[in-house]
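**Q** Residue numbers (the numbering used here), protein chains in the order written: chain A, 1 to 395; chain B, 1 to 395.
Worth double-checking, as some hints may not be accurate.
No copy is singled out in the list; a pair is fine if it fits within one copy or between any two copies.
Dumping the calculated SDA-like pairs for lysine to any residue here, alpha-carbon to alpha-carbon at most 25 Å [said to hold, decoys possible]:
id: 1; residue 1: K275; residue 2: R306
id: 2; residue 1: K272; residue 2: L381
id: 3; residue 1: K272; residue 2: F329
id: 4; residue 1: K275; residue 2: Q127
id: 5; residue 1: K268; residue 2: T378
id: 6; residue 1: K272; residue 2: P123
id: 7; residue 1: K333; residue 2: E122
id: 8; residue 1: K275; residue 2: F329
id: 9; residue 1: K268; residue 2: N336
id: 10; residue 1: K275; residue 2: R90
id: 11; residue 1: K225; residue 2: A265
To be clear, the hints were calculated from the coordinates, so they are not data collected in a lab.
Quick caveat: nothing in here was measured; it's all calculated off a predicted structure.
Protein chains: 2
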Amino acid sequence: MPLEEALQRLLDMADAARITERDVLTLADCDGRVLAQDLVSTLDLPPWPNSAMDGYALRLADWSGEPLAVSQRIFAGQAPAPLAAGTCARIFTGAPVPEGADCVEMQENAVVHLDERVSFSEPLQAQQNIRPQGQETTVGEQVLAAGTRLGPIELGLAASLGRDRLDVVRRVRVAVLSTGDELIEPGLPLGPGQIYNSNRRVLCSWLTRMGCEVIDAGILPDDLKQTRTRLAGLGSVDLILSTGGVSVGEADFLGIALREEGELALWKLAIKPGKPLTFGHFRGVPVIGLPGNPASTLVTFALLARPYLLRRQGVPDVEPLRFDVPAGFVWPKPGNRREYLRGRIEQGQAIIYRNQSSGVLRSAAWAEGFVEVLEGTTLALGDRVSFIPLSEVMN
Amino acid sequence: MPLEEALQRLLDMADAARITERDVLTLADCDGRVLAQDLVSTLDLPPWPNSAMDGYALRLADWSGEPLAVSQRIFAGQAPAPLAAGTCARIFTGAPVPEGADCVEMQENAVVHLDERVSFSEPLQAQQNIRPQGQETTVGEQVLAAGTRLGPIELGLAASLGRDRLDVVRRVRVAVLSTGDELIEPGLPLGPGQIYNSNRRVLCSWLTRMGCEVIDAGILPDDLKQTRTRLAGLGSVDLILSTGGVSVGEADFLGIALREEGELALWKLAIKPGKPLTFGHFRGVPVIGLPGNPASTLVTFALLARPYLLRRQGVPDVEPLRFDVPAGFVWPKPGNRREYLRGRIEQGQAIIYRNQSSGVLRSAAWAEGFVEVLEGTTLALGDRVSFIPLSEVMN
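Extracted from the complex, chain A is given alone in its bound form:
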């Protein structure tokens, strides 16, 4: 199955299971969350014309070359009186421009005479150094659309409009589990045949960054009865996210449990790493089963599960930024699956980790992004490839 088709299917299912509950939160608690309704401005921003400079406000028609008396001093935060005819006002950055003034000259171009009157050394233009009322926003304007992912900038924008709370979509509740009797938790002694579980650490931290409510559901033992009991005990979650146990192997008890109490589709994705992906339901709760190799988990979470989770919250645009960069490596043999190589940018070129084995998590720690090599293509040095920065998907 091509990646695009898998993504589209997942997004369609996410649309059908859109989370509609909302939380009303203070801005400090909204980072990473998704706006539940349009943010519409209830004020003009700036609320009045204000000075972009420290200097002098005047009416242009009053300036004939004769020095002007200073009739008031206006600091930011003050409400000035209308400008007296034939005078100017000392004004500071951000302060309201007084009624009647239509020009601000910066202090560097002003000459203050011994009698404290002021003249100006450069030609003046109407509206210069004045930030007009409503330059940024006017009353009634939609400033952010529902579905916007909120970050520091969006929260600052909401604050600038006077909002101290926002309606956001409630967190997605995700239960994360690993499958496999070979897995053991970090910190415990390693027995024969065992390996430490790493995928659940990656996914739980990643989901937390994304603003999800994470239920760490531990390691699912290779036993059908326990698998059933554990799945049933997860309670009210929006997604069960598992890693491993989706192969066609005989030990796939998660697959058996899903077939018995729900449904299961096994998608053979035309990407590498990350071939087998499970999508199913357990008693009505969506289940995504990622492949268990760490690099495969990483790629399939970034390219499929993350967009799905964002779309569940109503985010329209779930594609990460990508950049065309020259390849700093050769790719002599065309592959039959699309490859996502762990790469870095060095001197403007994409280079790749020496060992791209899907078991190697170190390649990902070394990497700054994924280099996408399309199926059926070869690359010579300098050929252009697509690069997806990890930072674009790691939030």
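Put chain B on the given structure of chain A with help from the hints.
**A** Structure of chain B alone, referenced to chain A:
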């Protein structure tokens, strides 16, 4: 002052004030923190050769074309017995390859006969489908260096080595304050001449994402005595970060307080937005004063204060990724300062927001990154410009 010089000065000062205290935290609490000592592997990873496939393990020398009996079944998590001579073992992905076996054939290429013996349809090669012991890591190898910023991938890597805790640099404590009598907190009614404070919201959320301990120190009134008292009351912080009040205006009480009880340097940066930057000390505590225009605050925080804060924690490489992209706009007039335009990538080209006024926070909410236009240059459509994704600096 060129940006490079300002950054180098800040980094030198950060190096001299490196934070050396450590916390020992569980992995779940380490996201975004900085590793305080090298992570060295205490095990081989994988700890034993294991199968990359569901299939059959055999000794290549035993395969003559005659079917082999299956002498054991090895699931992941089991410790297999040595392989009996002249037999093969059923084996599943991730399971240890038994002593004596030097080859795994995938089940798709295996024929199981009526007598349950197995033969293989394709030529076999030594070590095929076996992930060798220590492929990812060997005992004693440095896996992550001190100074590494920890994210989900690095935490997964530590987990895979059996670590459940890490030594990390303690959080940077940053007091954030705004200056200006015109500022009022969101949620309160707007009086004449007042505007809502947005920069502190941006910075507090941003710093929290970065893993800093944030002290929201509120709005500093335009009054010298209160400014002194408030600064003195901040307690033990690593940095005082202020916005606004660093102009040469008469109302710059923060500047006066710093000159009286510490030191102050005003840097005129050759960038736009973001010209005036203050660096100083108040009673020994470093102070960075960012310009108060929202877009200026954003650019100077991203390009100067963020690298400074990371370096205080010992992160060596503090530069965000940047990409060369074709300009989807023209820049006819060369500037005398380097410009950081709020831009997006559309159809592979950088485009910019229509209004790049430094007061406009909306441009930043719309933007996906900064487009860097060097001083003294013009741009035609398709000329290459540098693009810094916001995601690269927003963590």
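**Q** Of the hints given before, which are not true for this structure?
**A** none
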